[in-house]
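J.: Chain by chain, the residues run as shown.
There are 2 protein chains.
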Amino acid sequence: MAKRIIVDAFGGDNAPDEILKGCRMAADELGVEIILTGREDEIRKAAARLEVNISDFEIVDCPDIVTMDDEATDVARRLKNSSMAVGMRLLREGKGDAFASAGNSGAMVAGATLLVKRIKGVKRVGFAPMLPNMNGFFMLCDSGANVECTPAMLEQFGLMGSVYMKKVMDIENPRVCLLNNGTEEHKGTEVHREAYELLKARKDINFVGNMEGRDIPVDGAEVVVCDGFSGNIFLKTYEGVAMALMDKIKGVMTMNLKNKLAAAVVYKDMKALKKSMDYNEYGGAPILGCAKPVFKVHGSAKAKTLKSAIALCAKYAETNIIEEIAAAVAVQNQEEQE
Amino acid sequence: MAKRIIVDAFGGDNAPDEILKGCRMAADELGVEIILTGREDEIRKAAARLEVNISDFEIVDCPDIVTMDDEATDVARRLKNSSMAVGMRLLREGKGDAFASAGNSGAMVAGATLLVKRIKGVKRVGFAPMLPNMNGFFMLCDSGANVECTPAMLEQFGLMGSVYMKKVMDIENPRVCLLNNGTEEHKGTEVHREAYELLKARKDINFVGNMEGRDIPVDGAEVVVCDGFSGNIFLKTYEGVAMALMDKIKGVMTMNLKNKLAAAVVYKDMKALKKSMDYNEYGGAPILGCAKPVFKVHGSAKAKTLKSAIALCAKYAETNIIEEIAAAVAVQNQEEQE
Chain U
0 MAKRIIVDAF GGDNAPDEIL KGCRMAADEL GVEIILTGRE DEIRKAAARL
50 EVNISDFEIV DCPDIVTMDD EATDVARRLK NSSMAVGMRL LREGKGDAFA
100 SAGNSGAMVA GATLLVKRIK GVKRVGFAPM LPNMNGFFML CDSGANVECT
150 PAMLEQFGLM GSVYMKKVMD IENPRVCLLN NGTEEHKGTE VHREAYELLK
200 ARKDINFVGN MEGRDIPVDG AEVVVCDGFS GNIFLKTYEG VAMALMDKIK
250 GVMTMNLKNK LAAAVVYKDM KALKKSMDYN EYGGAPILGC AKPVFKVHGS
300 AKAKTLKSAI ALCAKYAETN IIEEIAAAVA VQNQEEQE
Chain P
0 MAKRIIVDAF GGDNAPDEIL KGCRMAADEL GVEIILTGRE DEIRKAAARL
50 EVNISDFEIV DCPDIVTMDD EATDVARRLK NSSMAVGMRL LREGKGDAFA
100 SAGNSGAMVA GATLLVKRIK GVKRVGFAPM LPNMNGFFML CDSGANVECT
150 PAMLEQFGLM GSVYMKKVMD IENPRVCLLN NGTEEHKGTE VHREAYELLK
200 ARKDINFVGN MEGRDIPVDG AEVVVCDGFS GNIFLKTYEG VAMALMDKIK
250 GVMTMNLKNK LAAAVVYKDM KALKKSMDYN EYGGAPILGC AKPVFKVHGS
300 AKAKTLKSAI ALCAKYAETN IIEEIAAAVA VQNQEEQE
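As you go down the protein sequences, you meet chains U and P in turn. Residue numbering for the first sequence follows numbering that gives the first Met the number 0, starting at 0 and increasing by one per position. Residue numbering for the second sequence follows numbering that gives the first Met the number 0, starting at 0 and increasing by one per position.
It should be emphasised that the hints constitute simulated quantities derived from the structure, not laboratory data. Any given hint could be a false lead.
Unchecked claim - Which stretches of chain P does chain U cover? Using the computed rule of at least three CB atoms under 8 angstroms from a CB of chain U, they are:
| hint | region |
| --- | --- |
| 1 | 45-55 |
| 2 | 136-148 |
| 3 | 205-213 |
| 4 | 235-244 |
| 5 | 301-315 |
Said to hold, decoys possible - If the Cβ cut is set under 10 angstroms, some of the chain U residues that face chain P in the computed set are:
| hint | residue |
| --- | --- |
| 6 | Ile53 |
| 7 | Ser54 |
| 8 | Gly143 |
| 9 | Glu196 |
The beta-carbon is built from N, C-alpha and C at its ideal position, and this holds for glycine as well.
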């Protein structure tokens, strides 16, 4: 049966135009059903202007929009009639199989927790974007939702990330590591040392130990576990250095005519390299630990990225990830109580 | 008067050969006096083999060497007769004006604290390497010596880094920022929020607020303050991404004959770019907060890098940085008690 994907028509920098176009592509190419949330009149006007057929989409009209300036928790209170909150409630009520939005990340995490709710036993949801490395991609969990974490939270991030990478990203036996300031097992704070022990003890994940920021971009694990503070530092440094360096190289390649001519020769290959390093290619971040699939799409996503994200949502909804996490977490919590 | 620099002849990957050559360059070009610590017979044999004149160097013979596998605190106990420990004791006793070693970083920090001692009132020494950004360089303090920090420790890192950048690196009014997971002042943990307030309240530094990992490589502050855990994640991710990306680009540039020919055209300019991104160029890291100048030279340093490091040591010893930090810290501690 076709999966029904609820999409926030007013999330992200390019809403609603690119959202509508991406949904059309997804419906045509992936055979999913689309349920849009947002101001119906604006959606219909935009679709007419863009000449995008939305006749087969269901539209759930709602007046408000969560902006980047709104407080995260507003989504469940002041903005409970926003396209994001309504989409999450529809998901919770079973009107759709997954929810995707390119809107405010903080509000997505708060909404996932407050409106969609967590899987029973999951301590915190994890915000888990995909990042490129030299050989492919990896997941960073948590990348900013939880500034401070307990060891058991980190253990769950490892577990949830591993299940997701296996089932949605088709990585066989994904390697899970703990981001730390050294590879030896005594490294980090007390929280890291305890998390190390918990992760090591799990039979259902392939824990490869501590890993440093230096090794992850080269050939690190497929799941990088960390608290949201370190994860955020890692993520933004990753992005900042790559962007700054690419800018510098562009500077070299355009500094004089001779270099410009050489640049023209390698242009296509350099562009392919840049594309392989672009984490927009991976569509976004699942919010792991929700009772239903919630997916944060990159804020700057255009139609094609949204379509990729919807494909991941559909796959997320087709697998039994949530049941598998629920079962594993139930065992973890039972052991904690013993 | 010529500054007397104590140099560990057995620290780093290229000891003693490159150390001896670098010391010779420093003595000739900078007019400093060199005191070497280490196995005198091996030093003399290496100098003879390399035909490096060391007749004007003082050599303090000692039998042991701190290796990368030694525990940090061994430097003050089991290895108290090592070239590193002896050098630090000579510094403490006033036999030289500064100490430089390319040896084990952890042992350098432990030795700085236990043997050279801290400036009165300094809570912890900070390990503060220089890193390149798009417009020059900046200091990261702390980059790994102190995994967990109090707000007052972070405040001192900001103060000490600022004084050093002003006096040794000739940066007028250096900008100081706090590495955080967002720019808003409420970001981070309780420790970050308190550190923010302390740094903001200081009249003697140019605190520009919180900064994200994304902005620092582009045009960040000249002093980046953080705890050693985040600092280590930042530093190694910085290095890892840059190295991985440069490797990828090398791959593109050598993938076929056409690209190789283009690469030949831009080779010199790309090499200059790579050099500007190489943090070996900045010689190493001062260990801030010691009662005397202690400088960690990069482990892989060759003669030229060592000479640059010795130049910084001499400048460090010529300025009144330590007195200035001592005075500022005394005020801070007085205020804390009030």
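J.: Evaluate each hint against the coordinates.
T.: Comparing the hints with the structure gives:
1. 45-55: violated (count 0)
2. 136-148: holds (count 3)
3. 205-213: With 3 residues in contact (Cβ-Cβ under 8 angstroms with chain U), the coverage given for the region 205-213 of chain P holds.
4. 235-244: holds (count 10)
5. 301-315: Violated - the region 301-315 of chain P has 0 residues with a Cβ nearer than 8 angstroms to chain U, which falls short of three.
6. Ile53: 36 angstroms, violated
7. Ser54: 42 angstroms, violated
8. Gly143: Hint on Gly143 of chain U: holds, closest Cβ of chain P at ~6 angstroms, below 10 angstroms.
9. Glu196: Violated: closest Cβ of chain P sits about 17 angstroms from Glu196 of chain U, beyond 10 angstroms.
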